[in-house]
Amino acid sequence: MSFDIALSFARGRRRIETTFVAGGGITALCGPSGVGKSSVLAAIAGLLDPDVGHVVVGGETLFDSTRGIAVAPERRACGMVFQDLRLFPHLSIEANLRYGERRAPPERRIVDFAETVRFLGIAPLLARRPDTVSGGEAQRVAIGRALLSGPRFLLLDEPLAALDAGLRDGIMAVIERIRAEFALPMILVSHSPDDVARLADQVVRMAPEPTSA
Amino acid sequence: MLLSGDEWAIVGLSLQVSLVAIIGVLPAAFALAYLLARGRFPGKVVVDALVHLPLVLPPVVIGWMLLIAFAPHGVIGAPLARWLGITLMFRWTGAALAAGIMAMPLMVRSIRLSLEAIDPRLEAAARTLGAGRLDSFVTITLPLARPGVLAALVLGFARSLGEFGATITFVSNVPGETATLPLAIYAALQVPGQEMAVWRLALVSVLLSLCALIASEMLLRRGRGRDRETTGPSPHVL
Numbered sequence: 000m001s002f003d004i005a006l007s008f009a010r011g012r013r014r015i016e017t018t019f020v021a022g023g024g025i026t027a028l029c030g031p032s033g034v035g036k037s038s039v040l041a042a043i044a045g046l047l048d049p050d051v052g053h054v055v056v057g058g059e060t061l062f063d064s065t066r067g068i069a070v071a072p073e074r075r076a077c078g079m080v081f082q083d084l085r086l087f088p089h090l091s092i093e094a095n096l097r098y099g100e101r102r103a104p105p106e107r108r109i110v111d112f113a114e115t116v117r118f119l120g121i122a123p124l125l126a127r128r129p130d131t132v133s134g135g136e137a138q139r140v141a142i143g144r145a146l147l148s149g150p151r152f153l154l155l156d157e158p159l160a161a162l163d164a165g166l167r168d169g170i171m172a173v174i175e176r177i178r179a180e181f182a183l184p185m186i187l188v189s190h191s192p193d194d195v196a197r198l199a200d201q202v203v204r205m206a207p208e209p210t211s212a
Numbered sequence: 000m001l002l003s004g005d006e007w008a009i010v011g012l013s014l015q016v017s018l019v020a021i022i023g024v025l026p027a028a029f030a031l032a033y034l035l036a037r038g039r040f041p042g043k044v045v046v047d048a049l050v051h052l053p054l055v056l057p058p059v060v061i062g063w064m065l066l067i068a069f070a071p072h073g074v075i076g077a078p079l080a081r082w083l084g085i086t087l088m089f090r091w092t093g094a095a096l097a098a099g100i101m102a103m104p105l106m107v108r109s110i111r112l113s114l115e116a117i118d119p120r121l122e123a124a125a126r127t128l129g130a131g132r133l134d135s136f137v138t139i140t141l142p143l144a145r146p147g148v149l150a151a152l153v154l155g156f157a158r159s160l161g162e163f164g165a166t167i168t169f170v171s172n173v174p175g176e177t178a179t180l181p182l183a184i185y186a187a188l189q190v191p192g193q194e195m196a197v198w199r200l201a202l203v204s205v206l207l208s209l210c211a212l213i214a215s216e217m218l219l220r221r222g223r224g225r226d227r228e229t230t231g232p233s234p235h236v237l
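Quick note, the sequences are listed as chains A and B, same order. When the letters of the first sequence are read in order and numbered with numbering that gives the first Met the number 0, they come out as residues 0 to 212. When the letters of the second sequence are read in order and numbered with numbering that gives the first Met the number 0, they come out as residues 0 to 237.
No lab work stands behind these hints: they were computed from the structure. In this text, all values refer to a predicted model and were calculated from it rather than measured experimentally. Any given hint might turn out to be false.
What the hints assert, rightly or not - Residues from chain A that keep clear of chain B, each with C-beta distances beyond 10 Å, as calculated:
hint	residue
1	S7
2	G11
3	L46
4	G52
5	V55
6	G58
7	P72
8	D83
9	G134
10	A145
11	G165
12	V173
13	S191
14	P192
Claimed, not checked - Partial list, computed: chain B residues near chain A (C-beta under 8 Å):
hint	residue
15	R126
16	T127
17	G131
Positions of the beta carbon are idealized from the N, C-alpha and C atoms, including for glycine.
Modelling step: build the complete structure from the supplied sequences, incorporating the hints.
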């Protein structure tokens, strides 16, 4: 399983460009804020189409501008954990977790519900609404929701940024366990050198492009 | 309060006309609200203005336009009569159409505000979890828009109950067919000795309108309580 990514697209007046090849494990995507790291994750997930480039994950082409391929996001089997989490506010925590699980074909499921809930320590939250859980709890739920959707790979957008030191350790341990137990390749966006040093198997640095007027 | 049989029939007709009006108009109101909330297209300002037109035009003008369009030889009336054998003129269905069109701007506005308050990024999240466009619309957008849709129905209903000008212009004031509460009150006012009937019908109007407005406030409040994070500005008209 590997990522083969080459992307170029305009966001407003900026041009975002990145090219990298990464193996399994955790790939950290680093760079100054505003360089377009989140946009790159969105493009890999299929939420925005680059102007030029390709996204190949584990040998499967998800996007290729020259061949006119653009797989819809719902068919990319990508577990995305958004920086702003995006838990569904009208659904209970359990319904949030099950949202992707119910839509995943059985052969793609990698964990079952009870196992995920235990692993993440979120059993007491299941009946509650997202607006009643803490930031660290919500982060776990977002990770659980992505894991249960039967992903072939995970995209984690700043999963540690909003958390205080104690909670960061907990989430880092979760990410390390996912790598160890599920062998899911992950791309992790982070601007914390400490997190990157602890978690990343490889590092991709994005440099700001000169603005094209 | 004791109403005569005829007066109960007037109340019944009013409720029937208003219910059919808002239910008939709801799909169009939702589609327009969605278009205005999410669409990016040239001429959006014009569509927006057209939708709001019944709010500011004299109702008699809307009634006259309906009359022209749905007359036996009108652009809509002629094919309706020829192909479907339907005529709306002087019928309660015509009263429902007039009421629906007059209620449309309020309904679009209410639904649009609730749609605009929904974070489209939630739908993007649903897509990454395996939901297609329609699936994410039905499971994320629609439920989150529900408070706005319910408020639209209640407000539209209240507006329809009070509809007068477009209705009387389009379908006239036919007792038992198009004479809804306001039209019946107007007719009773023209007849000496009908003062008590006017009082009774006016009281019923006040009661029905109050109930609708209170219901709409309660729906909005409940919606806000539950979806605190996603319903931003609420579609108050009061």
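Going through the hints against the structure:
| no. | hint | result |
| --- | --- | --- |
| 1 | S7 | 21 Å, holds |
| 2 | G11 | 16 Å, holds |
| 3 | L46 | 5 Å, violated |
| 4 | G52 | 19 Å, holds |
| 5 | V55 | 18 Å, holds |
| 6 | G58 | 21 Å, holds |
| 7 | P72 | 4 Å, violated |
| 8 | D83 | 7 Å, violated |
| 9 | G134 | 14 Å, holds |
| 10 | A145 | 8 Å, violated |
| 11 | G165 | 25 Å, holds |
| 12 | V173 | 19 Å, holds |
| 13 | S191 | 23 Å, holds |
| 14 | P192 | 28 Å, holds |
| 15 | R126 | 4 Å, holds |
| 16 | T127 | 4 Å, holds |
| 17 | G131 | 5 Å, holds |
Hint compliance for this structure: hints 3, 7, 8, 10 are broken, all remaining hints hold.
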